[in-house]
Amino acid sequence: MSKTTTRPAVRKPEAENGGAAPGAGRPTLEVIGLRKSFGTLEVLKNVSLAVEKSEMVFVLGRSGSGKSTMLRCCNRLEEPDAGEILLEGQPITGSGVNLDKVRRRIGMVFQGFNLYPHLDARRNITLALRKVLKQSRDEADTRAAAALTRVGLADKAGNYPSQLSGGQQQRVAIARAIALEPAVMLFDEPTSALDPELVGDVLGVMRELKEDGMTMLVVSHEMAFAREAADRVVFMADGHIVEQGPPEDLFTNPQHESTRAFLSRYSYGP
Amino acid sequence: MSNLDRFIETFLNGAVLAKYTPAILQGVWVTIELSILIVIAGTLLGTSLACIRAYRLRPVSFLIVIYADIFRALPPLVLILLAYFGLPNVGVTLSSSTVLFVILGLTLGAFAEEIVWAGITSTDKGQWEAARSTGLGFTQTLIFVVLPQAVRMVIPPLTNRAIAITKMTALGTVIGVPDILNQATTAQSFSGNASPLTLAAVAYVVLFLPFVILSRWLESRFAWKKG
Ligand SMILES: Nc1ncnc2c1ncn2[C@@H]1O[C@H](COP(=O)(O)OP(=O)(O)OP(=O)(O)O)[C@@H](O)[C@H]1O
Ligand SMILES: [Mg+2]
Chain A
1 MSKTTTRPAV RKPEAENGGA APGAGRPTLE VIGLRKSFGT LEVLKNVSLA
51 VEKSEMVFVL GRSGSGKSTM LRCCNRLEEP DAGEILLEGQ PITGSGVNLD
101 KVRRRIGMVF QGFNLYPHLD ARRNITLALR KVLKQSRDEA DTRAAAALTR
151 VGLADKAGNY PSQLSGGQQQ RVAIARAIAL EPAVMLFDEP TSALDPELVG
201 DVLGVMRELK EDGMTMLVVS HEMAFAREAA DRVVFMADGH IVEQGPPEDL
251 FTNPQHESTR AFLSRYSYGP
Chain B
1 MSNLDRFIET FLNGAVLAKY TPAILQGVWV TIELSILIVI AGTLLGTSLA
51 CIRAYRLRPV SFLIVIYADI FRALPPLVLI LLAYFGLPNV GVTLSSSTVL
101 FVILGLTLGA FAEEIVWAGI TSTDKGQWEA ARSTGLGFTQ TLIFVVLPQA
151 VRMVIPPLTN RAIAITKMTA LGTVIGVPDI LNQATTAQSF SGNASPLTLA
201 AVAYVVLFLP FVILSRWLES RFAWKKG
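Protein chains in written order, with full-length UniProt numbering: chain A, 1 to 270; chain B, 1 to 227.
Hint data in this document are derived by calculation from the structure and do not stem from the laboratory. Cβ coordinates follow ideal geometry from the N, Cα and C atoms, glycine included. Check each hint, because a few of them may be wrong.
With a Cα cut of at most 25 Å, we get these calculated PhoX-like pairs of lysine-lysine [claimed, not checked]:
1. A:K210 x A:K101
2. A:K131 x A:K101
3. A:K210 x A:K53
4. B:K125 x A:K101
5. A:K101 x A:K134
6. B:K125 x A:K131
Here are the simulated distance ranges between beta carbons [said to hold, decoys possible]:
7. A:R207 x B:W217: 45 to 55 Å
8. B:E219 x A:K45: 48 to 58 Å
9. A:K101 x B:L82: 46 to 56 Å
10. A:G89 x B:L37: 55 to 65 Å
11. A:S162 x B:L12: 48 to 58 Å
12. B:A73 x A:K101: 40 to 50 Å
13. B:V60 x A:K101: 22 to 32 Å
14. B:I143 x A:A82: 31 to 41 Å
15. A:A193 x B:L81: 56 to 66 Å
16. A:E208 x B:L37: 51 to 61 Å
17. B:T139 x A:A82: 36 to 46 Å
18. B:G91 x A:G39: 19 to 29 Å
19. B:S122 x A:G39: 20 to 30 Å
20. B:V92 x A:S162: 50 to 60 Å
The following block holds chain A by itself, in its conformation from the complex (with noise of 0.2 Å):
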């Protein structure tokens, strides 16, 4: 905690919950503590950050710094060694939880979209509304259509990821998450594995998922999106946060010596 540079734009987690509304006045997520190692590698040394609902925040780090593995702890692929994490004022860490549940509202999408090759666009889709939502066939595909016309896929329902190009194959994912209306979703380099003309159109994407509202955690290395769209960029160097605030802030005035080094490898700005 001593390492963070606290902005006045970041509210602190420890805001007390009104006591009415469940999670009434609280993040929608909220990293508290968090501690992860693998073996001995220590990669997150208390962690703590929050998302504000309909905010768009972005990670940024060196390679290794622990970002993946945050986002990872969020929706409990990777499993927290110590910290709370909260989802709209709920504990989802701790044994008293169901997973399942908690992992249905909270959208992820991953770096290698990872799309079931199996099964056409339409069909990625429902199977989660289907057998998680236990929705019936024709409200599932419904909703289906509804997500893909949101990422501009509309008449790609019935090619099979094989068929899509890969900023396709990303939106496809993205339309998976969405149509199960999470409170919050994670992105771990969505835009990485694409050729670059396709970035655009995943970008695009989110940029309009924010304008509808959404509640995004973003780890990128899209320095222009992040300054265009981002509402927090958090800034992270060997398992800490070491600096938060508004792109604008934190790209032209970088206040941590690891930040600085970062942002002049990545060559950013005029």
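Starting from the structure of chain A, add chain B with the ligands where the hints point.
Same frame as chain A, now just chain B with the ligands:
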């Protein structure tokens, strides 16, 4: 008599062929029935065990591995003889067809388990993660996401193994299963002529060649194209 005549007389004797064709056709049906049952039971058993193994419960997985290794190591003929001649001594008497079905079904099951398990473990970890991240449970992910991909991946080796093991129905001859080979050897000893064996060979080719060709086709078809 020329050599050619003697050859035809021995292997393609018209009169003998005419006389014993009906018996061998009966044998064909027995072989077909047994083969179908063995393939269905063996692949179902192997696939189920591979799925159970996916839960990685140590003692259970251990038992499955033991079973698979033993049945892959032993020559099926040994087990067939052991079951057919040994079991009656402990009060279990099974018909020869049942013994053949059970032993070959278990043998195919052992190979199928290993083959499907290999498919399950080589399915990309990202598939599990993507499915679980949408709230699908472990079993749902296994059944709807991983298994369909795993099975598709292993259809060619599975087909090859199924052919290899159904061909072993010919082993039933030694315990008196009235299959193709048994009918043919019986006819051969009655007639003192090898033509029924020729007919049996033709019957096996007609029966299995389509599947060999099918497996070749499957191999080219499923040599996919990932991502
Ligand atoms: N399952 C694992 N087992 C062991 N070590 C792991 C595992 N996952 C990640 N690590 C290690 O933890 C560290 C942080 O990994 P992480 O993937 O979170 O970094 P990252 O910030 O996302 O990096 P990148 O930008 O390369 O994706 C790395 O040193 C990595 O090797
Ligand atoms: Mg990463």
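- [ ] Output the numbers, in ascending order, of every earlier hint that fails for this structure.
- [x] 17, 18
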